[in-house]
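Whole structure, please, built from the sequences with the hints as guidance.
Protein sequences, first through last, are from chains S and C. Quick note, the first sequence lines up with residues 1 to 412 if you use the working numbering. Quick note, the second sequence lines up with residues 1 to 296 if you use the working numbering.
Among the hints, a few may not be true.
Stated by the list, open to error - Rough simulated footprint, nothing fancy, chain S against chain C, three-plus residues with beta-carbon under 8 Å: (1) 17-30; (2) 189-199.
What the hints assert, rightly or not - With a cut-off of at most 25 Å between alpha-carbon atoms, the simulated DSS-like pairs for lysine-lysine come out as follows: (3) 173(C) / 18(S); (4) 38(S) / 52(S); (5) 173(C) / 26(C); (6) 173(C) / 195(S); (7) 83(S) / 300(S); (8) 135(S) / 185(S).
It is worth saying that the hints were derived from the structure and are not from the lab. Every residue gets a Cβ at the ideal spot worked out from N, C-alpha and C, and that includes glycine.
Next come the chains, spelled out residue by residue.
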Amino acid sequence: MAKTQYYVPVGPIHPALKEPIRVEAKVEGERIVEVDVKRGFAHRGIEYMGMKRNAIQTLYLSERICGICSISHPYAFVIGSEKALGIEAPPRAQYIRTIIAELERIHSHILWLGVVAHEMGFDSLLFWTWKGREKVLDILELLTGNRINYSVFMIGGVRRDITESQAKAIKDMINYYRIFTEEMKDVFLADPVYKARTRGVAQLSRDMAKKLNVCGPVARAAGLRMDVRQDNPYDAYADIGVRAVVPQDIVGEARGDAYDITLVRIYEIEQSLDIIEFCLEGMPEGKIMAIPNYVALLAKIRRSEGEAIGMHEAPRGEVIHYFKYGNKRDGPVVWKVIAPSYNNINTWGPLLLGAEVADIPIVVAYIDPCMCCNDRVAVVRDENGRIIDPATLHLKAVEKTRKLREELGVRE
Amino acid sequence: MDRRVSARLTSRIGPPIRQPFWDVGKLLLKETVVPENAIAWIFNAMPIVSFAASMTLLLYIPFGVLKAPLEGYGDLVVILYLLTLQSLAMAIGGFASGSPFSSVGAQREMVLMMSYEMPLATVIVGFAVLYKSFSLTTIASTPVWGVAGPLAAMGVLLLFIALLVVTPAELAKLPFDIAEAETEICEGMLAEYSGRNLALFYLSDAVRGFAMAALEVVLFFPFTLTSMLNLNLTGTPYYVVEALWFLFKVMVIYLLAITLVRTSFARFRIEQASMVFWVYVNIIALVGLALVWLGV
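What follows is the structure, given as structure tokens:
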């Protein structure tokens, strides 16, 4: 007797996946036999908007690319812009940037740990981790004035200094999280139920990780020693000498499953605490902006020409911004953003195939997907350089399909 | 109380104690939607079957010193069937709704039922061996700890542990809420239910929760407050005090078996849950049964 097969649609609206993407899984009993990931539900055109504004406006627009990593995109933006424009941020500003970026990594990782616990029905852990996360959000608010979209980075520096009292608050926070990470190791890594639900789930081998071109903690969990902070050090990271956290250094082997990724993330929180401590102790004195006058900065941008790539290791993986300045404009002529989720979502197809329905939320959550990071606008121009609108593009596609069908002799 | 205590355990405040009544009231006022490809009459009948089964179940359980209204018309085996009937009604309703989530949920419910029925039946057989009767009235009238010898008492303790583990599965609560897993299959069997139908399932779930905890109290802790404290109460105060004492015992059992467990565990996968019941809980229950048998 043939087994009954069902289509289980996950998304665009689903309790496990709050983001606009659709995973269609064909299941036989509990086993997934076919899977299709459809994306492209949100269109924001943020790059297009950025190319119409000046560089400072675009910088704060870039914070809005992602809801959680509100420092990752501006970080890549300022690094890329500084390279393209030939501006160097003062050392103190570089250290402050690093501190804020690492604070963000702590909050993003703790958030992820809570989410993955929720996906497997462990809501108590979700509440506990998110309660612990409040501390770092408070510190970010103290330093920048905002809990999200900090608006503190600037091309050539930062807009706020870290005072003595703030430094003391950060040190208190570090002590708090030293204890908190130890507790997290107990409740996540040593818990038998958590182990049972994550060991062997979403297992990504080293070769597979390379083939799928994944990045960030997903790649590191599979044993690939890759981290932008280690490979292309920038700002204070160059002084620190960051080493990528990989499971083989901690437990001896990398299996690349959901358990390993938890391991990597918890140990990365510890690493971030070390980095922040290092930056606080060795913080250079001096100014925090290379060009404090915004009008002068915009004038310099208008005079400059150049292109560059800015990279930053966001909590989810590498964020890459490509820039081209010139044409006497005070904003980027070309701005191209690549977010880590774009690479990591490729893992869903192969990992879901053969998995169980119960593992869908874990496979989906383990890469920490961010759809708003992925939605970039694509501008298509015709042979005369005019932008083609979506309706015309659709018509052209239909025409071309008809033509191809006629050529191949295919009938409806 | 369950939601309130669970919230307190996770540093939250939780909803007011009368929230479940508001929930049911609101659901009863809302529109009942029947999916297009559902088998409408089965889809609509199953909540009623489930609710009827749970209410009948309640009538079989003695409330403290008050006798069960239907005592003498059935015994533990009927209770076992009524418990199964509810889960079955939910599973059939899930299949009839025609939604893929519900179908997966119903499949999971069936597998789960097959897993936990065996230890549940073993517990009931254990009591039958001890009392030479399936009648709940006989069991409730004499506390089990007085009847059983030391060996049998150990067996009864093991049976109690097995029943405690079965309770969350029977009531579809974490870590065994696999059939309704919210983040996996959007509440599974209940995904398509709304309005009055959902309210009936909600009510039958609540009643079943009370009945299950009450059953555990009747089987394992039937001690009355007056006999424990040598009180000399008669008439209305006697019944009121005993009823409050019974409610207190039920609440303690519910909090122990369900609230604490569901707050401190992650959801199992279906095969892990089956493993737990078929291997570990079954062994506990069978060893308990063997001890009871040897001790009698």
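These are the hints, each one checked on the structure:
A stretch counts as covered by a chain when three or more of its residues have a beta carbon under 8 Å from one of that chain; for the segment 17-30 of chain C and chain S the count is 0, and the coverage is violated. Look at the segment 189-199 of chain C against chain S: 0 of its residues bring a Cβ nearer than 8 Å to a Cβ of that chain, fewer than three, so the hint is violated. This hinted pair checks out: residue 173(C) and residue 18(S) have alpha carbons roughly 23 Å apart, not beyond 25 Å. The suggested pairing of residue 38(S) with residue 52(S) is violated, with an alpha-carbon distance near 30 Å, which exceeds 25 Å.
Taking the CA atoms of residue 173(C) and residue 26(C), the gap is about 23 Å. The hint holds against a cut of 25 Å. Between residue 173(C) and residue 195(S) the CA atoms are separated by roughly 21 Å; this keeps the pair inside 25 Å, and the hint holds. Distance hint between residue 83(S) and residue 300(S) is fulfilled; the C-alpha atoms sit about 13 Å from each other, no more than 25 Å. The hinted pair formed by residue 135(S) and residue 185(S) meets the criterion: a straight-line CA distance of about 18 Å does not exceed 25 Å.
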